[in-house]
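**Q** Given next are the chains, with one letter for each unit.
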Amino acid sequence: MPGKLKAKIVAGRHLPVMDRASDLTDAFVEVKFGNTTFKTDVCPKSLNPQWNSEWFKFEVDDEDLQDEPLQITVLDHDTYSANDAIGKVYIDIDPLLCSEAASVISGWFPIYDTIHGIRGEINVLVKVELFNDLNRFRQSSCGVKFFCTTSIPRCYRVAMVHGFVEELVVNEDPEYQWIDRIRTPRASNEARQRLISLMSGELQRKIGLKVLEMGGNAVVGYLQCFDLEGESGLVVRAIGTACTLDKLSSGSAPNTTTHVHPNTAPASNACNSPSKDGKEPVFGEDVLSFSGPPTPFRALPTSSSSPPPFSPSKPCSRQSSSSDTDLSLTPKTGMGSGGSAGKEAGPLKTLLRQQTQTALEQREFPFFTLTSFPLGFLVHVGGVVSARSVKLLDRIHNPDEPETRDAWWEEIRQEIKSHAKALGCHAVVGYSESTSICEEVCILSASGTASILNPRYMREGCLDIGNTDHRFEEPSPPSCGFCHIPYDELNMPFPAQLTYCHHCRRQKVPDVLFTTIDMPSEAAVSGKGCLIQARLCRLKKKAQGEVNATVISNLLPFMEYELHTQLMNKLKLRNMNALFGLQIQISVGENMLLGLASATGVYLTALPAPGGIQIAGKTPIDLSNEHHILTIQKRINDTIAKNRELYQINPPELTEEVVGSPIPEPRQRSRLFRSHSESSDELSELDLSHGKKDAFVLEIDDTDAVEDIHSLLTDAPPPSGFYSCNTEIMPGIYNWTSAVQMFTSVRVFRLSNVNLTNQGLNKIFTDLCENLLKSFYFKLRSMIPCCLCHLNFTVAVPEDELIQVAVTAVAMTFDKDQTQERTADKPVTKGCSETEEQLQFPLELFADSSSTNTQTSSKISGVPESTGVSPRASSLDRCSPLPEGRSRSLRSNRSFGGGSVTVVKMTPLSFLPGTRIIKYLGIINMFFIRETTSLREEGGVSGFLHSFIAEVFAMVRAHVAALGGNAVVSYSMKECMLMENPHKNQAQCLINVSGDAVICVLETDQEPMSSTTSIGQTCTSGAT
Amino acid sequence: MAMELDVFVGNTTIMDEEVYQLWLDGYTVNDAVKVRMEGGVLEECEASADVLLSDTMDQYRTFQMCERLLHSPAKLANQLLFQIPPHRQAVLIERYYTFDDAFVREVLGKKLSKGTKKDLDDISAKTAVTLKSCRRQFDNFKRVFKVVEELKGPLVENIRQHFLLSDKLARDYAAIVFFANNRFETGKRKLQYITFQDFAFCAGQLINNWTVGAVDNMVEDMDVDLDKEFLQELKELKVLITDKDLLDQHKSLVCTALRGKTKAFNEMEANFKNLSRGLVNIAAKLTNTKDVRDFFIDLVEKFIEPCRSDRWTAADMRLYLTHYTNSAHILDTFK
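So the protein sequences, as listed, match chains A and B.
All letters in the first sequence, in the order written, are residues 1 to 1024 by my numbering.
All letters in the second sequence, in the order written, are residues 1 to 335 by my numbering.
Looking at chain A on its own, in the form it has when it is part of the complex:
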């Protein structure tokens, strides 16, 4: 009996009227954990009941503590008939099991009902007493910390990175059980919510066990997903990176990325000149001495061609695999974006392998879900590797042995691993997995960035902590090291044009670099980055079963290829040469496939300047056509020039000729692409005409091609004052001010036209995404200058003729003038450590910029002056709510006895600008279902979803506040599944969100930023 859980029900407020006769409610509360239930007394005739219950005590195994949520049900007492449920609160008590996280859960929780939404609030106190040594109980893994954040959490230092952990659990979906026919929708929804809560608890516990086995104490980059497979069941799966983290004392520097790194000298030298450094033979010698026989890059035995019979029980279950590999029929134009390579890159890699054997290769999957790393951890980046596979779902027969699903993922991971090897890399970073399900077809996808890591982090006792401060005295920072190719130039996995690094001139770099990770903070960039999206729709015929799966898997490679082409063209159009945070999502519907690739483009100064795009007509050229081509060419050139201006791309001039030329002469080019490699010289000139260097040639040979080019040019740049990216930080912006506005937006478009072509669909889809972005810019105009960060698009085809796009992102303000000054002074910037020195300056400017904000946002006369709205206040939650908050809450105290509500900031990023995270309180992982049978009355689907999303936010904030936190970082909405039936006046929606609850303080402050406003519990004494 290793744990005692204690709960106390204090009070309720704003309860709904349950008794029409008296307009009041006789409320009582049931508190349930596992199979034990306690009840409070009935508090008669009150909408603001005070229960002040005793402590309800549950004595339970810590295994149960990890799996089960505390379930609180508020009911209306009825003498004659059954008691009516008002709503429920599920409290995940996991944060209490970790000594470093929260010690008590206390606060107001929204009472949630799956049919009616939030119905009042309840004040609850929860504590846990753990008795025994936790590690003796092997079934539980209390004490392992979980983080959604995909970097080393601030206020921790990493002692060791153990590697990939994964787990999945399956169950039957209660919605599809026989009993669902006789129970109410409410009961069914609650069964589902509870089951998923249980399953994610179990999953987390099992992952925790694996971490303990590996000797770690934390999981970073924890990514948990649900697959609602319908009839065939419910899968909850998670991946993460096991680490050993040490807590930094609160007084020390908060920024772990600059604080913690390995024995510095060898690592950094290795980045710049691996060949010279004897101390780091692992990478150096390998790269030099590689001269093995070239492996033909098109020899690609992939798992797709020979499906192993892994599911004998269902022989018809067809599976096929698609990945970038398949694209090799149309060779890549020289960047590491595909794992298109043979299984074995070269025999001499064995040297490397021997060296890092202990560190990496022994691991089954050397994968890391992290997207940003401590300095020196990431040595080289190869390129994006991805794998997809189409599966037919069948019923999960035995929930205890989820072997089929495990095998599927295993297979995909193997493929990823082999792709990485082909790129000469021993690890995959920025790794993630996803699925898209339509009826019985499921596309499993995995992607990551092949790379070479510094093995020191993976060996025990290799960290030299004392040696940390000399980092920046190094003569040449590793601002280009990660760009250097990890593979052998004579034996390239795909045709690429290599040049010598424009930074150090010693190593070869590719002409473009695609990655799924965040841009390393030490990378040298020119100008700003921007969001680049490739969007694609493909119609497919409706089909069933195996035929359907075949059709889909045949379409996938073409989609990937086209997405890739689009990305590449758009990158060139913006005069950039690298993509970070690349996510390619392919969603399947009954009659179409949607593909959306998002990434943040930047100009890396280490890489060669991108060539332009050249338009070529069909040969022989007729005259009327030629004119047309010329105009298009002009438009493209103009756009490129404009973009260069817009993103302030001014690569540093190179004074000397760069040695070396693109190494492999471009061989067989595709129909669409042709590379002029006229080449390699004249890099010193800044304003090269685009045709001169290795420009892409877009051949216009049919109307489709014309359309494609037009669609290229339709992407509108963000209005002035706005920037956008899908990564953690925006390259080129370093001086954030503290205003943040996180938002979620969902749009569903109904395709009305039955005879749609691929082109028409593409246009619709592109417009949908573009209009969404435009909407954001408009709505957030009062925050200018501002950047939309971590723009995360998810697309789905919920029904036959519907396209759904959901976006979560955060808008952050920054100080414009300072940026310009800094970029002008030194285009190569390193992190954001210098803001403090310049604090005086931006403050003055701030007043100016905010007064213009006031003009734009509040134009109405008759604003009472007495409310004391300072000019700064007009821009969202820029100012802290303290000064006005006090007077307000005093008043409301008198009438209602409640305090004002703690302000909880939310962000999809791992940090909040201007603040320092002093404590991680635990992971937030919540799953909600909302259903309505009065859709019209709730304002249609929009009204329904609007209030549901607002409710989800409210519940997340309430849980964080109850843990004592004031912010959620790394917030994400993993799932938003909406099903509607307007004719029946019904709709149902499922939302899954996650994030890390934290306490953060203003950078200048020691106290939590909103401590004074958080008086959520005072009501008990204050109420009359």
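Just so you know, these hints were derived from the structure itself, not from any lab.
Among the clues, some could well be false.
[As the list claims (entries may be wrong)] Derived lysine-lysine pairs resembling DSBU-like cross-links, with alpha carbons at most 35 Å apart:
no., chain 1, residue 1, chain 2, residue 2
1, B, Lys75, A, Lys45
2, A, Lys45, B, Lys142
3, B, Lys228, B, Lys146
4, B, Lys290, B, Lys244
5, A, Lys816, B, Lys34
6, B, Lys261, A, Lys974
7, B, Lys75, A, Lys32
8, B, Lys238, B, Lys188
9, A, Lys247, A, Lys206
10, B, Lys132, B, Lys290
11, B, Lys75, B, Lys114
12, B, Lys75, A, Lys39
13, A, Lys45, B, Lys146
14, B, Lys168, B, Lys152
15, A, Lys642, B, Lys34
16, A, Lys45, B, Lys290
17, A, Lys974, A, Lys32
18, A, Lys763, A, Lys32
19, B, Lys117, A, Lys45
20, B, Lys34, A, Lys763
21, B, Lys290, B, Lys111
22, B, Lys152, A, Lys45
23, A, Lys984, B, Lys34
24, B, Lys117, A, Lys919
25, B, Lys126, B, Lys114
26, B, Lys290, B, Lys238
27, B, Lys75, A, Lys6
28, B, Lys146, B, Lys118
29, B, Lys302, B, Lys238
30, B, Lys290, B, Lys251
31, B, Lys75, A, Lys57
32, A, Lys8, B, Lys75
33, A, Lys984, B, Lys285
34, B, Lys132, A, Lys984
35, B, Lys285, B, Lys110
36, B, Lys75, A, Lys127
37, B, Lys285, B, Lys114
38, A, Lys45, B, Lys111
Got chain A; can you put chain B on it based on the hints?
**A** Using the frame of chain A, we list chain B on its own:
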């Protein structure tokens, strides 16, 4: 593009004050979009009409969801659904309870009942305030009335606390409640020139001097009901006009004090008896509810109009009334 669904939800609830005002003014979404387009937001932000429509719809939805909370503003401060900075909450509430002078003038003194609510479309047509906005304003009056009806303590303070309004707005609402409770007639043609603010001033004076609350501040309805005893005592003033001696004595005292201080002296002297009779008669009748309702119309007819036809200035009026009151105090009867 026609969207099946289109929502935008911010962690901090985003509210554009301009759109809020349009919503409060009862504009439909389409009309609001038109107004905004004319206002030039589009050029400012390089947006299209689609964007504006989507934004307006979103905001309208948000306001509709908030409306329930605005009905009991204290809830807005400790609800969890919307994260709204306190200063913004204050603006939302204040604006929601702000009313149009044209509208309130039509409703002032009427019973806040379903019957009156049915007439709102006429009022809307007459005042050019949209019906939707009329309904909101009317419901606000009614809601405030219902809440303070059952409360003890000073009226203005109760309104301020329960509805978190500014002092000015709370006073205006106190006037509305006071008028509605006493059903003062304000709609007659002769009263049309009197603004709401004029009435609100009178209400303030009446509340401070004539209600139960003026003498005892811990009874129910203390500020909304006139003090019956006081009204009864007013009857005793009749002696001022019935007793011939007293009337003359009063007149000579007033005239002595006024002589040489005003150009309208002759008219004052000539009309003294009529005016005094008018005032005292009004005061003496106030025990009848019916006459209370006609209080303002009587004042205008019996006192203000005669004075106005004699071209008194406001200063003359003040002077006359001051001395009229002071002189009465000197009379033996009232000592």
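**Q** All hints, please: hold or fail.
**A** Going down the list of hints, with the structure as the test:
1. B:Lys75 to A:Lys45: Roughly 19 Å separates the two Cα atoms, so the pair holds.
2. A:Lys45 to B:Lys142: Within the cut-off at roughly 25 Å; holds.
3. B:Lys228 to B:Lys146: holds, 22 Å
4. B:Lys290 to B:Lys244: Roughly 29 Å between the alpha carbons, so the hint for B:Lys290 and B:Lys244 holds.
5. A:Lys816 to B:Lys34: holds, 33 Å
6. B:Lys261 to A:Lys974: violated, 84 Å
7. B:Lys75 to A:Lys32: holds, 29 Å
8. B:Lys238 to B:Lys188: holds, 27 Å
9. A:Lys247 to A:Lys206: Given that 35 Å is the threshold and the Cα spacing comes to 24 Å, the pair holds.
10. B:Lys132 to B:Lys290: holds, 33 Å
11. B:Lys75 to B:Lys114: Given that 35 Å is the threshold and the Cα spacing comes to 27 Å, the pair holds.
12. B:Lys75 to A:Lys39: holds, 28 Å
13. A:Lys45 to B:Lys146: holds, 21 Å
14. B:Lys168 to B:Lys152: holds, 21 Å
15. A:Lys642 to B:Lys34: Status holds; Cα separation ~33 Å.
16. A:Lys45 to B:Lys290: violated, 41 Å
17. A:Lys974 to A:Lys32: The hint holds at about 28 Å.
18. A:Lys763 to A:Lys32: Between A:Lys763 and A:Lys32 the Cα gap is close to 52 Å, so the pair fails against 35 Å, i.e. violated.
19. B:Lys117 to A:Lys45: holds, 32 Å
20. B:Lys34 to A:Lys763: holds, 28 Å
21. B:Lys290 to B:Lys111: Distance ~14 Å between B:Lys290 and B:Lys111 Cα, so the pair holds.
22. B:Lys152 to A:Lys45: holds, 22 Å
23. A:Lys984 to B:Lys34: holds, 34 Å
24. B:Lys117 to A:Lys919: violated, 56 Å
25. B:Lys126 to B:Lys114: holds, 19 Å
26. B:Lys290 to B:Lys238: This hinted pair holds, its Cα atoms lying about 19 Å apart.
27. B:Lys75 to A:Lys6: Roughly 30 Å separates the two Cα atoms, so the pair holds.
28. B:Lys146 to B:Lys118: holds, 19 Å
29. B:Lys302 to B:Lys238: holds, 16 Å
30. B:Lys290 to B:Lys251: With a Cα-Cα distance of about 30 Å, the restraint between B:Lys290 and B:Lys251 holds, given a limit of 35 Å.
31. B:Lys75 to A:Lys57: holds, 33 Å
32. A:Lys8 to B:Lys75: The hint holds at about 24 Å.
33. A:Lys984 to B:Lys285: violated, 65 Å
34. B:Lys132 to A:Lys984: holds, 30 Å
35. B:Lys285 to B:Lys110: Holds. B:Lys285 to B:Lys110 sits at ~21 Å (cutoff 35 Å).
36. B:Lys75 to A:Lys127: holds, 29 Å
37. B:Lys285 to B:Lys114: holds, 30 Å
38. A:Lys45 to B:Lys111: holds, 31 Å
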